[in-house]
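Chemist: Listed below, chain by chain, are the residues.
There are 2 protein chains.
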Amino acid sequence: MAQPSQRQDEPPPQAIHHEQRNAENSAAYFLPKLKSMKEKNPHLTLLDVGAGSGTISITFAKAIPDGHVTATDLNPDILPRAASIAKSEGVTNIEFQQADAYKLPFPDESFDVTHCHQMLCHLKEPWEALREMLRVTKKGGAVAAREADLDTECVWPATEGLLKFHDFTVSLMRSKGGSSNAGRQLLSWALKAGVERGQVTASFGTWCYSAKEDKEVWAQAMAKLLRGGRIRDGALAKGLATEDELEEMAKAWREWQESGEATLGMLHGEIIIQK
Amino acid sequence: MAQPSQRQDEPPPQAIHHEQRNAENSAAYFLPKLKSMKEKNPHLTLLDVGAGSGTISITFAKAIPDGHVTATDLNPDILPRAASIAKSEGVTNIEFQQADAYKLPFPDESFDVTHCHQMLCHLKEPWEALREMLRVTKKGGAVAAREADLDTECVWPATEGLLKFHDFTVSLMRSKGGSSNAGRQLLSWALKAGVERGQVTASFGTWCYSAKEDKEVWAQAMAKLLRGGRIRDGALAKGLATEDELEEMAKAWREWQESGEATLGMLHGEIIIQK
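Quick mapping for you: the protein sequence lines, in order, are chains A and B. The first sequence lines up with residues 1 to 275 when you count with the numbering used here. The second sequence lines up with residues 1 to 275 when you count with the numbering used here.
Among the hints, a few may not be true.
Identical chains share a label here; the pair holds if one copy fits it or two copies do between them.
[As the list claims (entries may be wrong)] Below, computed lysine-lysine pairings styled on DSSO-like, alpha-carbon distance capped at 27 Å:
1. K35 <-> K87
2. K33 <-> K215
3. K103 <-> K40
4. K238 <-> K87
5. K224 <-> K275
The hints are simulated quantities; they were obtained by calculation from the structure and are not laboratory data.
Given these sequences and hints, build the entire structure.
Modeler: Here is the structure:
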């Protein structure tokens with residue numbers, strides 16, 4: 001495993017907030033099921049698709065210390081960072097590799113659990129990725145997925161800059177072929193992937209950023225993302241926002257961070273498919 | 001206590017879904033705090049403001065068997081039904097009385113806990129009701145409030161009838177002087193009532209109606225409400241919908257109930273104020 005370089009110690013702007021994610025705050029709906037599966041088989045194998053910096057995958061690996069996690073991402077550039085985070089946390093039952101969610105490089109029925117988080121929302125045909133996740137999952141295993149529903153972003157105070165940010169993120173998601181209401185569609189995608197309704201447990205989950213430290217992480221991550229990195233570059237190239245508008249939005253998040261009455265939440269759709 | 005009459009055994013249309021509510025599904029954010037307060041003082045007194053049919057209040061009374069619950073509502077017509085539900089469940093440490101949330105008929109510092117659920121959203125000056133709830137709460141006690149954020153209603157499939165229903169409920173709430181985005185404003189209302197930010201813990205919660213039995217309860221409650229009762233009468237009188245539109249929406253909920261891909265969620269703002 002490569003030694004972490006300076007670049008790997010500095011997450012790219014789009015990953016700053018992602019690296020706050022762990023199984024507890026982003027996969028709580030699935031943890032009871034994972035625990036009961038582990039009790040029957042401590043040697044579970046888990047595939048995490050579109051894992052990015054891998055912080056959720058790493059907490060899964062900690063939850064199944066006698067099992068093994070394979071974490072993939074389409075973007076090979078993020079993998080060294082994920083590996084360096086795992087190394088720094090002393091987690092060894094995990095490996096990282098590049099993979100396309102539409103064409104997972106694994107045989108049928110390879111894993112006990114296949115998981116993704118905020119991944120399907122980026123795809124034009126998310127049900128095809130779910131079909132692929134089902135293919136590589138063993139009979140008797142489980143597929144777990146959680147997707148944000150951007151349209152339900154709920155922010156207060158509702159300043160002009162933050163309302164503009166909401167419209168901006170929705171446009172950005174759609175401009176890349178993704179879905180701004182993935183959370184509510186998740187169950188329908190599972191059915192489209194060939195699953196029976198009786199195999200699926202559906203829920204919604206959420207979070208709240210209102211405490212000082214949560215607001216800091218969020219506002220600073222949004223400001224960095226609006227002021228540099230690939231999301232900014234893409235938005236400017238597509239004409240989704242001007243430099244002035246991006247700066248206005250970054251400032252709006254900073255003001256929000258300083259406001260005592262600030263809150264932020266968003267619904268996430270969640271499904272567990274029993275294969 | 002009056003014997004339940006036939007009228008009391010048939011909830012009014014707006015109360016059908018309300019009566020599915022209990023402390024577990026509607027006040028989970030507050031139960032750990034209530035438990036720790038009860039451990040220090042089993043004889044807690046709890047005031048539930050705007051309790052309607054009282055099903056949440058009754059589960060609070062069960063949670064503090066050596067304590068006492070006072071449940072109020074502005075509408076005196078709902079009180080006999082609430083009392084009959086408590087009686088049928090064998091709960092005796094509870095009393096019901098009519099009260100205006102702006103002018104609670106209790107001395108200062110009367111209760112250890114003051115609670116409300118989906119009540120402040122109906123008021124023109126919700127911070128004044130919070131101020132009044134704080135007044136009747138003992139020093140060292142807690143005020144807990146949870147309010148829906150109607151604007152975040154998240155439904156799938158997004159049929160024309162259900163989108164119309166969303167706009168209809170938002171218009172109806174606003175036409176009565178209420179707030180369709182109460183959930184996100186709850187913290188700001190607490191600050192406006194004179195609370196310091198450090199006294200408040202803020203969160204968001206949600207639920208998901210997607211399982212067969214949940215869909216049935218919701219869809220049938222919405223259909224009854226659209227086809228009869230005071231909400232229908234008020235909407236027609238205010239010109240917020242025609243009879244045909246109300247029927248279209250009722251049918252849309254019935255179709256939703258039959259759909260395997262159906263889901264419904266909504267964010268709720270939640271605060272606990274430490275007095």
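Chemist: Go through the numbered hints given earlier and state which of them the structure violates, listing their numbers in rising order.
Modeler: 3, 4 and 5
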